[in-house]
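With the hints as extra help, turn the sequences into a complete structure.
Top line first, the protein sequences correspond to chains X and E. Going by this note's numbering, the first residue of the first sequence is number 1, and it counts up by one from there. Going by this note's numbering, the first residue of the second sequence is number 1001, and it counts up by one from there.
It is worth saying that the hints were derived from the structure and are not from the lab. The C-beta atom is built at its ideal place from N, Cα and C for all residues, glycine as well. A portion of the hints provided could be inaccurate.
Unchecked claim - What follows is a list of derived Cβ distance ranges for each label pair:
| no. | chain 1 | residue 1 | chain 2 | residue 2 | range |
| --- | --- | --- | --- | --- | --- |
| 1 | X | Tyr129 | E | Trp1132 | 48 to 56 Å |
| 2 | E | Pro1070 | X | Tyr129 | 52 to 60 Å |
| 3 | X | Glu217 | E | Glu1018 | 41 to 49 Å |
| 4 | X | Asp36 | E | Cys1047 | 13 to 21 Å |
| 5 | X | Glu217 | E | Asp1157 | 48 to 56 Å |
| 6 | E | Glu1137 | X | Asp183 | 52 to 60 Å |
Said to hold, decoys possible - Covered by chain E, according to a simulated footprint, are these stretches of chain X (three or more residues, beta-carbon under 8 Å):
| no. | region |
| --- | --- |
| 7 | 24-33 |
| 8 | 68-75 |
| 9 | 115-128 |
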Amino acid sequence: MKKVAIIGYAQHPILSNAGALNEVELIMPVVHHLFDGLGIDQKNIDFTCSGSCDYLQGAAFAFVEGLSAIQTNPPIKESHVEMDAAWAMYESMLKIQMGDADTALIYGFGKSSPGNLDSIMSLQMDPYYISPLWPDRVSLAALQARVLLDKKIVTKEQMLSAVIEARVNSKNNKNALINDLIDESTYLEEEIISSPLNAFDCPPISDGSSAMIIASEEKAYEYTDKPILIEGIDHRIESSNLGSRDLSSSKSLQASMDHLQLNNFEFDVAELHTQFSFELPFLRSLLGLVDVPTNLSGGPLVGNVMMCAGLDAIGKTYESLKQNDLHRGLAHASSGPCLQHNMLVHLEKKQ
Amino acid sequence: MSTEEKPKDYSESPINLEYFYTAGSATTRFLNQVKEGKLVGQACPKCKAVYVPPRGSCPRCGVATNIEVPLTDKGCIESFTVVHIPIPGNPIVPPYVCAMIRLDGSNISFLHLIQGVDIQEIRIGMRIQAVWKPKEEWTHSLENIKWFAPIDEPDIDVATLRFKES
Chain X
1 MKKVAIIGYA QHPILSNAGA LNEVELIMPV VHHLFDGLGI DQKNIDFTCS GSCDYLQGAA
61 FAFVEGLSAI QTNPPIKESH VEMDAAWAMY ESMLKIQMGD ADTALIYGFG KSSPGNLDSI
121 MSLQMDPYYI SPLWPDRVSL AALQARVLLD KKIVTKEQML SAVIEARVNS KNNKNALIND
181 LIDESTYLEE EIISSPLNAF DCPPISDGSS AMIIASEEKA YEYTDKPILI EGIDHRIESS
241 NLGSRDLSSS KSLQASMDHL QLNNFEFDVA ELHTQFSFEL PFLRSLLGLV DVPTNLSGGP
301 LVGNVMMCAG LDAIGKTYES LKQNDLHRGL AHASSGPCLQ HNMLVHLEKK Q
Chain E
1001 MSTEEKPKDY SESPINLEYF YTAGSATTRF LNQVKEGKLV GQACPKCKAV YVPPRGSCPR
1061 CGVATNIEVP LTDKGCIESF TVVHIPIPGN PIVPPYVCAM IRLDGSNISF LHLIQGVDIQ
1121 EIRIGMRIQA VWKPKEEWTH SLENIKWFAP IDEPDIDVAT LRFKES
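Structural data, given as structure tokens:
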């Protein structure tokens, strides 16, 4: 099967409130930046795929409006996922592997500021038994955090250092929303939102967009001598019934690792879509990344654009490999409550 | 009377979400002018196509429409339909006419009402002009225009309105 490479990635500076800028106005400059960097335009793109969520905009088929950001006349081949754009990347990759395209543009966008994210995210739950209770995203994460603390799989100290390190690492990320440092006492004094989580343990409400271009390996050589290839990708889902899950482990994630043969694999760098502080030590342990530099961009704790943050993890891993003498990277995207969906993307820079 | 309940095959779970909706900076510029009784389109810097109401981007070129183009409130009917079915909540009594309005100098049309003429008389290419509400009722909305009504000018062949790249 054809190999696929990432050849470009760009991200809008993450904003806490984009104000009057609508989604189109957030996407367009990012796509242009990406095109200009590669010296191409929409005519060089065989397939376009976006990731967004209509509930964030509060309008049916709102994702169609996002297409106004790109050149759609003459007509283009296009698709959309009602998920993080990491899944739009997956769809695009399959399109290239099937031989239907040689290049693909992926973009994701999301504004969390216009609505109430806690209410909106509770609608992703089972509509009969759970959504009518309106469980908010922080409380759901807190359920998992509590299980992990009680079972001593994650410690309070690890949560604290995840928060402090995210802010230190934000200096590597020019688009980060949060870049002020905090110390231990500030963290400990912060009011608890949903036990055991305080505001520092949670990602900030964020507005923004991101875009990526991928290509078949042959095509990628037209743009770079050292393409960064997607060596493996796998997405698996835990049960949608929270009560039937063991929140202290992830069988589906382990299955992905087995499938991709990543047990004992040595990565140089990793970016994980860990929205809450405790998720970082939890996943690092599950993925065998304890000694691997992880979330050097600061990760979602310093900027968490809904429907982009997963694509951003892939994009930031790509950037780390491209800009440094590093060869093997692991990116992770998630979706659903309590890390229900996990997608692993194994990237390697061609020598 | 039977006490047996029928099995329930549905459940109601009402959803109410509130949003702070933003029109976008391009549409905001347009609506600020509409508040003043002016129709200002936006042109593409590349292909020069004029869009009203502007969405802020040109689908032909994929760039922002950053040139403001003041337009008249006159135009022609590009297409129309006679609505016979009442829509719940809509105060307008059928039959009435919805038309795609092509303003002079614009390259796209938008939907509005046609009134002030016998429905049988309405035709594609007919010249029309906006009938505005009293100034004190103007808001940030195209509802400032009550409807479009015919004016005494010769019809236009709409085929000639097709966009030609300059």
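Report the numbers of all earlier hints that the structure fails to satisfy, in ascending order. none
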